[in-house]
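Please arrange chains B, C and D on chain A, whose structure you already have, making use of the hints.
Each chain is listed here by its residues.
4 protein chains.
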Amino acid sequence: MCTCITYENGDFYFGRNLDLEYSFGERVVITPRNYPLTFKKEAAMDCHYSMIGMASVMGGYPMYAEAVNEKGLGMAGLNFPGNAFYPLEGKKKYQVTPYEVIPWILGCCATVREARMYLEQADLVGIPFAADVPLAPLHFMLADKTGALVAEPVEEGLKLYENPFGVLTNNPPFPFHLMNMQQYLNLTAKAPENRFGEGTDMKPFGQGMGAVGLPGDASPASRFVRAAFVKWNSRARREEKANVSQFFHILDSVAMVRGMVLTEEGREDITTYSCCVNARTGVYYFKTYDNHRIQAVDMRAEDMDGSGLLAYELPLEEDIQYRLKQGGRTEDA
Amino acid sequence: MCTCITYENGDFYFGRNLDLEYSFGERVVITPRNYPLTFKKEAAMDCHYSMIGMASVMGGYPMYAEAVNEKGLGMAGLNFPGNAFYPLEGKKKYQVTPYEVIPWILGCCATVREARMYLEQADLVGIPFAADVPLAPLHFMLADKTGALVAEPVEEGLKLYENPFGVLTNNPPFPFHLMNMQQYLNLTAKAPENRFGEGTDMKPFGQGMGAVGLPGDASPASRFVRAAFVKWNSRARREEKANVSQFFHILDSVAMVRGMVLTEEGREDITTYSCCVNARTGVYYFKTYDNHRIQAVDMRAEDMDGSGLLAYELPLEEDIQYRLKQGGRTEDA
Amino acid sequence: MCTCITYENGDFYFGRNLDLEYSFGERVVITPRNYPLTFKKEAAMDCHYSMIGMASVMGGYPMYAEAVNEKGLGMAGLNFPGNAFYPLEGKKKYQVTPYEVIPWILGCCATVREARMYLEQADLVGIPFAADVPLAPLHFMLADKTGALVAEPVEEGLKLYENPFGVLTNNPPFPFHLMNMQQYLNLTAKAPENRFGEGTDMKPFGQGMGAVGLPGDASPASRFVRAAFVKWNSRARREEKANVSQFFHILDSVAMVRGMVLTEEGREDITTYSCCVNARTGVYYFKTYDNHRIQAVDMRAEDMDGSGLLAYELPLEEDIQYRLKQGGRTEDA
Amino acid sequence: MCTCITYENGDFYFGRNLDLEYSFGERVVITPRNYPLTFKKEAAMDCHYSMIGMASVMGGYPMYAEAVNEKGLGMAGLNFPGNAFYPLEGKKKYQVTPYEVIPWILGCCATVREARMYLEQADLVGIPFAADVPLAPLHFMLADKTGALVAEPVEEGLKLYENPFGVLTNNPPFPFHLMNMQQYLNLTAKAPENRFGEGTDMKPFGQGMGAVGLPGDASPASRFVRAAFVKWNSRARREEKANVSQFFHILDSVAMVRGMVLTEEGREDITTYSCCVNARTGVYYFKTYDNHRIQAVDMRAEDMDGSGLLAYELPLEEDIQYRLKQGGRTEDA
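Residue numbers (the UniProt record's numbering), protein chains in the order written: chain A, 1 to 333; chain B, 1 to 333; chain C, 1 to 333; chain D, 1 to 333.
Hints are not guaranteed to be accurate.
Claimed, not checked - Okay, derived cross-link-like pairs now, BS3-like style, lysine-lysine, Cα gap no bigger than 25 Å in a straight line: (1) Lys41/C to Lys159/C; (2) Lys203/A to Lys93/C; (3) Lys190/A to Lys190/C; (4) Lys159/D to Lys159/A; (5) Lys159/A to Lys203/C; (6) Lys159/D to Lys190/B; (7) Lys203/A to Lys71/C; (8) Lys203/D to Lys190/B; (9) Lys203/C to Lys190/A; (10) Lys203/D to Lys159/B; (11) Lys40/D to Lys203/B.
Hints were generated in silico from the structure; no laboratory data involved.
The following block holds chain A by itself, in its conformation from the complex (with noise of 0.2 Å):
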C-alpha cells in the first residue's frame, strides 16, 4: 500500500510513501542517459532522458518504484491487487510490461501531454522479469506541473484519468476515490461555526474541529482523502527547504506506523521509505522508516550523459545528532 502526492508551491514536487512489509532491495538509482534500456517487446533506447528514483536493479535493469526525468515528468507505481490486469498478449500500438513502463515513458516522454499520447496507445502485458520474478500488480500515478494523470491496467485495458486531487493511493480503481472524496466536502480546516441546528449553543472545545470526520485510518480510501486534506490546506514559505519539510509533513500524516497495520499473514505493513523529487531541479529527497533524516541524491551533481547506472544506499538507523553542550549559565534570557 502506498501513497503518491505532487505539491506546488513555487516550484513543484512529486513523491510517495511505500507501504510494504517487507523490503524489495531498494536503492536510489540514476539512470543516465546513456545507460541502454530495453524491453521485452519494445525497440532499446541508447540514448534518453536520465532519470532518478528508487528501484531495485535485477540484472543491470533498475525496477524502478518511481521516477522522475530531467524534464521534470515523475512516475510512481502503486499496489493494485486484485484490480491490476495484464494481458498476456495486448492489441495497441505498444506493448510494455509493468516494470517497463516507467523507465519506458520517463526516457522518452517530456511532459504528461505527451506520456498520455504514448499510454493511450499501450497495453501493459503479462510478461514477467524472469521465471522466477512474479509480476506487481500496480496502478500509476504520472504528474508534472501542469497536472497529474492516474493510468490503470485493468480488464478493460489501460485506463487513463484526470487526477484533479494530485494523490493516489491504492485500491479501489481511482473513479471511486474521485466520488468518494465528494463525501468529504463539508470538512474544513478553519475554525467551525455552529451549523448543527438553531436554537442550539456549541462550540468547539479545541483546535481543529472543523475536520472532526476525516478518516485516521491506514485503508486505502481513508489515506486519499486524508492526504488531500492536508495537501490542499498545506501552507509553506516559497524556499526549497521548507517546501521539502513541508511535502514530508504531508507524507508522514499518512504514514503506516509498525504494528498499526498487520497483513492476514500478520506481517507489519510500514511505510519503508518516503521521498520526495523537485522536478525542476532533479533532486531526489528521501527518509527510510529507520532514519527521520532527509537524505538528497543531485542527478545534476552526477555526470547525466553517463552510461553506468548510480546506486546510494539506504540508511539503516537514526543519524541523530547529538548536541554538545553549547550552554552556561543563563543570566537572564
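Same frame as chain A, but now just chains B, C and D:
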C-alpha cells in the same frame, strides 16, 4: 494543543508533541541539581533532582513545557483552555503556580507515587510569573515506568486520575477521553473479517481496513484516540534507536501539519516540536517542525551537580544529508 | 437502552422510545388524583396530581417507565447500567426509591422548577419493591415547556443537570453527551458547500451530504447525537396531528430494529414502544414495535378524580387498513 | 432520493422509501391484464401481466415509481441525477422511455432472468411523455425471490449489475456503493469485544457499540450502508404481519424526517411514502409521511382481468386509534 504519550518497550520513554500557532522561546534546558529553584509560596529548593526538558527561561526561571528528572519521572503541561481553573488562594497544604509545578514536582519526587502524594495536598494558584505574563491554562500528565497520572486543575480543585492509556491531549477534561475511547473498541490493527451480516460476502479491498472509523482530524478527542491506537498496536525492536524512532513515528501520526488547523484568528496551529525522553538514561531526543532530523541532549553527559542552567538552541531548518556519489556501474545487482 | 426527547412547536410534547430485549408487562396507566400513592420512606399521598404513562402495575403500584401529569410535567426513567448507584440509606431530607420517584415527583410538582427543589433534597435509596424484584439502574429526564432537567443517581449522590438539548439516552453519564455533541457542530441539514480546501472542485452527489459524519448506530452516544440532530432541524405544521406525527418520525430515526442490536447473551434489543404526550392536554400517544398505527389515551376523557388505576392493554399486531375498491377507470388523471 | 430494498423471510418482499421535496400526484394504481399499454417506440400490449404500485396517472398512462406484477417481479425507479443519460435515439433492439420501462418490463417478464434478457437489448431513450413533462433522471432496481438486478442508463448505455445486497439508493452509480460497502465489513450487530489493542482494558458502555461507525446521515451512500446493515441483521417471525412490520421498520431506519435534509433551494426532502409488496400475494402495503398506519391494497381482490386502471388515494393525516376506557381498578396486576 498537544499530545503526550508514554511508551514501554524494554526501556521506558516519555514525550510529546507541542502544537501551537507561535513559538514561546523554547530551548532544551537542563536544570542541574544545585541550580536554586524558588517558588512564589513554597520553600525554595537549593538542591534537588536534576531535570531536562523544553523550557523558556524567564528571569532565570526554567518554565518547562515538559521535563524528565534524573529518577525517571516525567511531567508535561498541555493546553486546557476553558477548563483550567487556578484559584487566587488555595486551601490545601501546598500552593504552587502552574509554571512552577513541573520543577516543584520533578525537583523532589522520584516516582508517580510520590508525586501523587504531593499533588493530593496541593492547589495550583493563579499567581502569574509577572504582571505582564499571563498564566497558560494547563493540565498535566506525569509518568514513570509504573504508570501514568493526569492532574487537572478545575473549579472543584486539582483532580487526579489514573491514566491507563498513557496518552493525554487537551480538552475536554480527562474523564471524557477515558469514556470516548470505549466507542472505538471494535477497531483492530488486524486484517478484518466480514462481520457485517450473515449472508453478505465482503472482503477488505486493502490493508488496514479493520481500523476504518479511526478519527483522522486534529481535534483533541480525535488525536487522543489515534495516538492510543497507534501506541497500543506499536511494535519495535527492543533497542534504543528503534524505540526512539518508533516513538517519533507515533507522534508523527498525530502531528499538526502547517495549514491543516487554523485558529479562529486564522493562524496556523502546527507541531512546533516533538520530543522523547529515555526516562532511565535522561537523554532528551527532539525534532522541530523545520527539521526532521532527531537531535539529542544527554543530561548525564553534562555536570548534573552544576549550579547553572544549560540551554540548547533549536535548529531552524532541515539538516539534509546530501549523498555523494557512491555508486557506479552495477553489473548485476 | 432508550431515547427520550422533548419537542416544542406551538404545543409542548414529551416522549420516548423504550428499547429493551424483553417486555416488562407494560400498559398505559392513568393514576387519577385520588388513587393513594405510598412510599417506602416518605409520607403517602392520598390526593395528588393525576398522571398518565406507561407502567407495569405490581401489587397495585404503578411502576412508571415515564409519565406526564395534569400540570404538564413529564418524567422518564432510562437505563443507566453500571453508573446508577442507590445507597441503602440516604443523607438528605427525602428518601425515595427509583421506582417511586416518578409518581412522587409528578404527584406533587407542577413544573421542572418545583421538581428540582425536591430532587435537590432527595436521595434515591436502594430499597427494592420486593425481595424478588431487583432495582433497575436508571437515570431520569424531567421536562416541561420551560426546559429539561437530567437527574442521575451516581456514587457521589443524585446529580442534576440542565439539559439544553432536550434529549436523553443512556450511558455514559450526561456530561459526556453534552461534550460529545460539540464534536458534531460542523454538521448541517443544509446543502453543503465545498469547504474541503481552496483549489478543489467538489460537489455533493446527493441530498443530505452536509450531515455526513452523523453516527447511525444504535449505541447510546450515537442515538443522542442523531436524535438531537433530527429534533433540532425538525420542521412541522403547528397542528396537533402534524406535531404528533413528526414526534414519532423523530423517534423512528433512533429506533432499534429487531436484529440490529444483539445483547451479550444474543438477545434482540428492540424499541418495544414509542410514546408522545401532549403536555398541555394530557393525551398519551403511543405505538408498539408490532403496530405502526398510533394509539391514543386521553387522560382528561377519564375521571381524573377517580380512585382507581386505569390500565390499557397494548396492541399485539399491525392494525392494517385494508383499502376497498375505490378506483375505477381513470379517463384522464 | 430514495431507498429500495428486498427482504426474504419465508415470503419475499419488495419495497421502497420515496424521498422527495414535493408530491407527484401519486396514488396506488392497479393495472389489470387487459388495460392497454402503449409505448412510444415499441408495440403496444393489449394483454399483459397485471401489476400494482405507486403511480401518477397522466392521460391514462400509469407512470409507476415502482410496481410488482402478478408473477412476483418488482421494479422501482430511483432518482439518479447527473448520472442518468437517455440518448435521443437508441442503437439496440428495443427502445423504451424511462417512464415506460416499468410497465414494459413488468407487463411481459415473470422473472429477473427474463427481464435481464430484455434489458440487455434495450436502450432508454430520451423521449418525454409530453413537451411539458420533463424526464426524471432514474436508475432502477428489479428483483424477484431469486435475486436483484440494477439497471443504470448512463452515457455508455444501459448498464446491468447483479445486486447481492438487495439495496439501492441514489448516486453515485451502483459500482461505487458495492465498493463502499466493504469499508464497513468490520461492523457488527453483536456485542463487541475489545480488539483495540492488547493491554488495553475497554468495555462497551452500552448496547449496539459493535456498529459504531455506521453512517447516520441521509446521503445516498450512507443510506445504502445503513439499510444494508439493518436488513442483513434483521430478524422477524416468519409470518406475514411480522414480516411487513419488520420491512417498514427497516425502511423507517433510513427515512428522511422533515427538516433534516434541505435541498439547495431550502426545500424539505422527506420520505413521502414507504411501501412493501408481498411478491407472491400481490398485496401492496404502504404508509405515508402523514400517517403511520399501514394501508393495504390487494391486487388479487380486484378484477385482475379488468380493462380499467384502479386508483387508490393516499391518506392525508394520522389515523389515530383513540382508546376507550378499558381499565378499572387493578387490584393486583
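Checked hints:
| no. | hint | result |
| --- | --- | --- |
| 1 | Lys41/C to Lys159/C | holds, 20 Å |
| 2 | Lys203/A to Lys93/C | violated, 38 Å |
| 3 | Lys190/A to Lys190/C | holds, 19 Å |
| 4 | Lys159/D to Lys159/A | holds, 19 Å |
| 5 | Lys159/A to Lys203/C | holds, 24 Å |
| 6 | Lys159/D to Lys190/B | violated, 36 Å |
| 7 | Lys203/A to Lys71/C | violated, 35 Å |
| 8 | Lys203/D to Lys190/B | holds, 19 Å |
| 9 | Lys203/C to Lys190/A | holds, 19 Å |
| 10 | Lys203/D to Lys159/B | holds, 24 Å |
| 11 | Lys40/D to Lys203/B | violated, 44 Å |
In the structure shown, a violation is registered for the earlier hints numbered 2, 6, 7 and 11, in ascending order.
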